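Visitor: Sequence:
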Amino acid sequence: MLPNDPARRIRDAVAAVEPRLLALRRDIHAHPELAFEETRTAGIVAAELARLGIPHRTGVGRTGVVGMIEGGRPGPTLAIRADMDALPIQEETGLPFASTREGRMHACGHDIHTATLLGVAAVLKELAPQLAGRVALVFQPAEEVLEGAAAMIADGAAEGVDLALGFHNQPDMPVGRFGYVRGASLAASDRFDLVVRGRSGHAAHPYAAIDPIVAAASFVADVQTVVSREIKPIHAAVVTIGSFQGGTTYNIIPERVHLKGTVRTLHAESRDLAEAAIRRLAAGLETAMRVACALDYRRMVPPLVNDDRVLEPTIAAVRRQLGDVVEEGEPSMGSEDFSAFAALVPSFQLRIGSGAPGREDRLHNARYQPDEGCIGLGVQALARAALDILA
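Residue 1 is where the sequence shown starts when you use UniProt numbering, and the numbers rise one by one after that.
Bear in mind the hints are in silico, worked out from the structure with no lab data behind them. There's no promise every hint is true.
Said to hold, decoys possible - Label pairs and their calculated CB-CB ranges:
| id | residue 1 | residue 2 | range |
| --- | --- | --- | --- |
| 1 | Gly160 | Ala16 | 24 to 34 Å |
| 2 | Arg101 | Thr58 | 14 to 24 Å |
| 3 | Leu344 | Gly72 | 41 to 51 Å |
| 4 | Ala47 | Gly329 | 16 to 26 Å |
In this text, all values refer to a predicted model and were calculated from it rather than measured experimentally. Virtual Cβ for every residue (Gly too), placed ideally from N, Cα, C.
Please put together the full structure from these sequences, using the hints given.
Guide: Shown next as structure tokens:
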């Protein structure tokens with residue numbers, strides 16, 4: 001039987017563990033680690049799971065950790081996932097626990113996520129006899145490069161998992177609020193490198209050279225038509241060139257130009273159309289501009305599609321635990337490799353408000369300062385969701 005007042009039991013458990021979670025978060029924040037380098041962070045996670053008496057595996061997907069809480073009765077396995085990696089950003093917050101590592105920062109709040117899931121682990125360990133099933137605690141590396149989820153899955157992190165629950169802090173939502181999106185909530189992310197090779201020569205005699213800069217510039221302009229002229233207006237898509245490198249000085253036409261780009265789509269049809277169009281434009285450039293093009297197009301992660309079978313009970317649980325604090329939001333063209341889990345089992349990613357009063361922070365910013373109150377609130381929401389889903 002469930003306790004008469006699970007909301008209070010969870011609230012009290014969170015209040016007891018919250019000071020430790022804040023200390024853990026600040027320690028992790030001060031020592032950020034990039035993708036597949038999260039050895040110190042993984043060590044903290046493993047030590048904390050061991051302290052709680054939760055069996056766990058390390059080295060999953062290179063630097064990931066998976067803990068397992070066995071319920072008191074048979075039932076499905078629910079995975080709850082948090083990412084652990086930081087970003088190559090120089091921190092400029094001035095906080096007393098700011099990054100001690102040059103050029104590295106937890107500017108996306110993965111330190112918040114790690115501490116939150118450790119809190120969920122502590123609370124659910126106490127509630128384990130009430131659970132019908134198991135909870136897999138997935139601490140994932142390398143989300144920022146969109147490779148960690150696949151690496152963990154290849155190492156068996158999704159084996160036996162029936163449902164998955166993810167979460168992300170949202171600075172554009174005030175702390176205390178939660179959000180959700182039905183269906184496709186985050187975009188597929190694909191990347192491409194295009195090397196345009198011409199023939200170098202003197203800037204005063206362009207007729208004797210083949211200018212790859214002009215050809216590459218033409219490609220940059222033409223690729224904008226992929227969205228405006230080839231994809232349905234009601235299907236959101238973004239094609240962005242993030243890097244254009246070529247040449248060394250004023251008066252030399254270079255031998256080659258290297259472009260880097262990303263494609264974001266919410267629909268499978270648009271994803272296919274965008275790739276085909278970019279390949280066609282690169283091939284056409286060879287004929288039109290007399291250059292040679294080498295295109296490396298890589299599909300990274302699919303769209304993150306929320307499943308109502310996990311979304312509905314999670315939102316209901318958050319409302320039972322915290323009240324009328326949940327609102328429906330819009331899809332984002334950002335990407336998340338939690339979508340790799342969502343492609344395998346019914347999944348849902350909860351948005352947790354982390355905006356501090358008086359601030360207008362954004363993710364991936366050198367001055368990002370989430371409100372730490374989102375940790376305890378996130379623990380309450382996720383622990384209650386697990387308790388109700390595995391009732």
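Visitor: Look at each hint and say if it fits the structure.
Guide: Each hint tested on the structure:
1. Gly160 / Ala16: 24 to 34 Å: holds (31 Å)
2. Arg101 / Thr58: 14 to 24 Å: holds (22 Å)
3. Leu344 / Gly72: 41 to 51 Å: violated (27 Å)
4. Ala47 / Gly329: 16 to 26 Å: For Gly329 against Ala47, whose Cβ atoms are near 36 Å apart, the range 16 to 26 Å is violated.
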